[in-house]
Amino acid sequence: MLSNALPRPGRLPALRVPAAILVPALAVSAFSLVPLAFVAWVGVETGAGEVARLLLRPRIFELLANTLLLLALTIPLAAAIAVALAWLTERSDLPGARLWAALGAAPLAVPAFVHSYAWVSLLPAMHGFWAAVLVSTAAYFPFVYLPVAAALRRLDPAMEDAAASLGLAPGERFLRVVLPQLRLPIAAGSLLVGLHLLAEYGLYVLVRFDTFTTAIFDQFQSAYSGPAANAMAIVLVVLCLPLIAGESVARGHERYARVGSGAARMASGARLGRAAPAALAFAGLVALVGVGVPLATLLRWLAIGGTKVWQLADIGPAVAGTAWLAFLGGAATTLAAVPMAWISVRSPGRLQRFLEGCQYYTGSLPGVVVALALVAATVRVAMPLYQTEATLVAAYLLLFLSRALASLRASVAQVPVDLEWTAASLGRTPVQSIAQVTLRIAAPGAAAAFALSALGVANELTATLLLAPNGTVTLATEFWALTGEIDYAAAAPYAFLMVALSVPMTAIIHFQSRRIAGR
Amino acid sequence: MKLLNKTLRTIAAGAIALAAFAPQVKAQTAGEGILVYNAQHDNLTRDWAAGFTKETGIKVTIRKGSDMDMANQLVLEGNRTPADVFLTENSPAMVLVAKAGLFEPVAKDVLALVPNQYSPADGSWVGIAARSTVFVYNKNKLKPDQLPKSMAELASPAWKGRWAASPSGADFQAIAGAYLTLKGEAATADWLKAMKTNAVIVRGNGNAMKAANVGEVDGALIYHYYYFNDQAKTGENSRNIASHYFRNRDPGAFVSVSGGGVLASSKRKTEAMAFLRWIAGKGGQKVLRDGDSFEYAVGTGEASHPKLEPLARLEAPAVAPSQLDNKKVTDLMTAAGLL
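Just so you know, the protein sequences line up as chains A and B, in that order. For the first sequence, the working numbering puts the final residue at 519, and the numbers step up evenly by one. For the second sequence, the working numbering puts the final residue at 339, and the numbers step up evenly by one.
Mixed in with the good hints, there may be bad ones.
[Stated by the list, open to error] Calculated cross-link-like contacts (lysine-lysine; reagent style DSSO-like; alpha-carbon spacing at most 30 Å): (1) B:Lys267 to B:Lys99; (2) B:Lys139 to B:Lys149; (3) B:Lys141 to B:Lys196; (4) B:Lys108 to B:Lys267; (5) B:Lys233 to A:Lys308; (6) A:Lys308 to B:Lys307; (7) B:Lys233 to B:Lys141; (8) B:Lys286 to B:Lys269; (9) A:Lys308 to B:Lys282; (10) A:Lys308 to B:Lys54; (11) B:Lys328 to B:Lys193; (12) B:Lys282 to B:Lys59; (13) B:Lys160 to B:Lys54; (14) B:Lys139 to B:Lys196; (15) B:Lys307 to B:Lys54; (16) B:Lys286 to A:Lys308; (17) B:Lys139 to B:Lys160; (18) B:Lys59 to A:Lys308.
It should be emphasised that the hints constitute simulated quantities derived from the structure, not laboratory data. Only a predicted model underlies this, so the values are computations on that prediction, with no experimental measurement involved.
With the rest of the complex left out, here is chain A (with noise of 0.2 Å):
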């Protein structure tokens, strides 16, 4: 009896979840299944024989081809070059590698549109795949970055000691040690890099790639919310459920959070010795193509335009209105990740994968699909919530829950469980345990997942356009009108505030992923 009671070695039992956690989860989940229902409520409408018709033409196929190769490609290079930097800045003695470290998460306070309105400004005959991959790399890899960086930080370097002490050289402690300790920040990251790779429209209209998202955004422009979007829209939840699975194996059921004696030592740096003008110039060339072409640009732009550019009676509206959105979206968006995140770490299931997935898939899909559904929506069954300022949180929710999922869940699984246990045994309901030791600790968590989710929403187009109550301007809806009539002068202060209003958040990030190593 007792054996059954305690848990195996490296697994955990899957804890009863609280109603008080549970009913939140299931309510956000439920919420989530809007677009899809949507979605398929079209397909339905415009009969089987129609959406096949509509799904197996050449055309589909280019669109499919092109989406797979660049996922094929973005997301190992972004993995790739992300856990290189990673080690680079945290576990070596790369000169400067604090400011590194900064520059390696600076990327993200500029919107993927921007990075890609850059790079053709300074390369104009740039486009087509190669390009789509360089720049969604360019804007993407942070995602990944910022957990392996935290993880790396936290690592205990015992097992490292003791690997080499088994006479494993460095290269191999490395690939066998380290490595798979990094597979869950990995494979979020990851992840999160591929939803964003399907839903993203603005880059890849400059750099002139077609997606799936894309060719939803033309269908959109032509015919609204008609059969053909709908139908491509199918395909999109089809192809990010691999990536969800795939994340959610990857993940395993290892415990991620230390207790024990004492603190884990710092690790040292890896002395680079020769190879370390190798490694600045790597870094050096990471930075310069995530955060340098994109300043280079705007600054170009802001030096054309000059003072007559900074209309302020335009541009207040649009810096309050978008800084207000953020916020709301960034705080609606993080309190209804907390459930969800709470039970992946401590109840993991089948009941635990389908919650979940319905969280994620949403992160996949442009803008405009999750906005059209809730216009429907809100048209047809609650007229007075169109065009408020809660629909659109709620649209926002939709598209960013992601983001805030994956940051809250890294920081809660690093609260030992045996914390929540010790506050049970002392008096405090679950609810109670939870709120007052597990957020407590996992708090940069929240400010991380608060700060990423605003960064989306302040950067967001589509959904705002189609939601935002009348009258409402934002940076980047203001950035999308002057680009359209290729006013690039005039559209930079907006670019320049984007990223201005960015910077705070991105360094919440930066500096709550180092707080979450403790350090």
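For chain A, the structure is supplied; the task is to place chain B on it using the hints.
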């Protein structure tokens, strides 16, 4: 504990700072006045709204979008739409809303401000501006005698990979709609299939012109004002560009009409109609002539911007704006693999 406090304090401080902004955000939405669903260029409509408000004191709130998505949105919203006025860049979007019976007939005196050919026969909306199809080309790559003589010529194998266009945009779809009206379904389907092979596909007319400017293609089939807009700004995206008008009543000489209409469900019809009257009348047409939109004025007796090729000399084909069938066009484009 300390961590949590610090994090919470940061977030609380942010919230307080934002709360100071919030009333400002709300104030823009609450005001009296009319709501315009605007698919026209943002700058142009803002100039129109500013001029109108200055003269009448009626406030104008603008919602941004583009032709077909806003038209479809209006159809979905039906009588419950909050919009009072709809402005577009091309007529097919107006036709869609008119077919759904959502427009209030335009007042006679407003229709009278614009020649008949720029408004539909049923008077459900009124023409407010116009734009011409043009073949912009790279002066270093094409001599005037090498230019295409007609839009049809761009479908020939000789033009493979040499021109750019943006088929996902309402602008190009209006041009294709004119081709469909003038040449019929079979010829249009063939032309679009050839386009799939021949054209470099971009999104946005500005990007099409840029491709020609950097010499990636010889030319692009777009509207006329992108060149003038860029020339009025930095000029760096049109440095090597010249404009070629097809004329001869060719489909490629199509002049597209921008429309304005008042929604039948509006609770401020008088103010909304006053706005249309202002745009189609002296004030609005003067904004077109003197401003930096470089779209054509269409009001009776109203001249356009002096830099533009006069409308009368474009030899545009006769295509009634209400004839354009966007549904058919997008179906043909989808079949051709362009969408």
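Hints, one by one, checked against the model:
A threshold of 30 Å between alpha carbons decides the hint, and for lysine 267 of chain B with lysine 99 of chain B the separation of about 21 Å falls inside it, so the pair holds. Only pairs whose Cα atoms come within 30 Å are accepted, and lysine 139 of chain B paired with lysine 149 of chain B is accepted, the gap being roughly 16 Å. This hinted pair checks out: lysine 141 of chain B and lysine 196 of chain B have alpha carbons roughly 22 Å apart, not beyond 30 Å. The straight-line distance between the Cα atoms of lysine 108 of chain B and lysine 267 of chain B is roughly 20 Å, inside the 30 Å bound, and the hint therefore holds.
Straight-line distance between C-alpha atoms of lysine 233 of chain B and lysine 308 of chain A comes to about 12 Å, which keeps the hinted pair within the 30 Å bound. Restraint check for lysine 308 of chain A and lysine 307 of chain B: satisfied, since their Cα atoms lie roughly 24 Å apart, inside the 30 Å limit. For the proposed pair lysine 233 of chain B and lysine 141 of chain B, the alpha carbon gap of about 24 Å is at most 30 Å, so the pair holds. The straight-line distance between the Cα atoms of lysine 286 of chain B and lysine 269 of chain B is roughly 24 Å, inside the 30 Å bound, and the hint therefore holds.
Of the pairs offered as hints, the one joining lysine 308 of chain A and lysine 282 of chain B holds, with about 29 Å between alpha carbons and a cut-off of 30 Å not exceeded. With a C-alpha separation of about 23 Å, the suggested pair lysine 308 of chain A and lysine 54 of chain B falls inside the 30 Å cut-off, and the hint holds. For the suggested pair lysine 328 of chain B and lysine 193 of chain B, the alpha carbons sit about 15 Å apart, so the restraint of at most 30 Å is met. Proposed proximity of lysine 282 of chain B and lysine 59 of chain B is supported: the alpha carbons are some 19 Å apart, at most 30 Å.
A distance of roughly 51 Å separates the Cα atoms of lysine 160 of chain B and lysine 54 of chain B; the hinted pair therefore is violated under the 30 Å criterion. With a CA separation close to 25 Å, the supplied pair lysine 139 of chain B and lysine 196 of chain B stays within the 30 Å bound. A distance of roughly 28 Å separates the Cα atoms of lysine 307 of chain B and lysine 54 of chain B; the hinted pair therefore holds under the 30 Å criterion. Between lysine 286 of chain B and lysine 308 of chain A the CA atoms are separated by roughly 23 Å; this keeps the pair inside 30 Å, and the hint holds.
Of the pairs offered as hints, the one joining lysine 139 of chain B and lysine 160 of chain B holds, with about 19 Å between alpha carbons and a cut-off of 30 Å not exceeded. Under the criterion of a C-alpha separation no larger than 30 Å, the hint pairing lysine 59 of chain B with lysine 308 of chain A is consistent with the structure, at around 26 Å.
Checked against the numbered hints given earlier, this structure breaks only hint 13.
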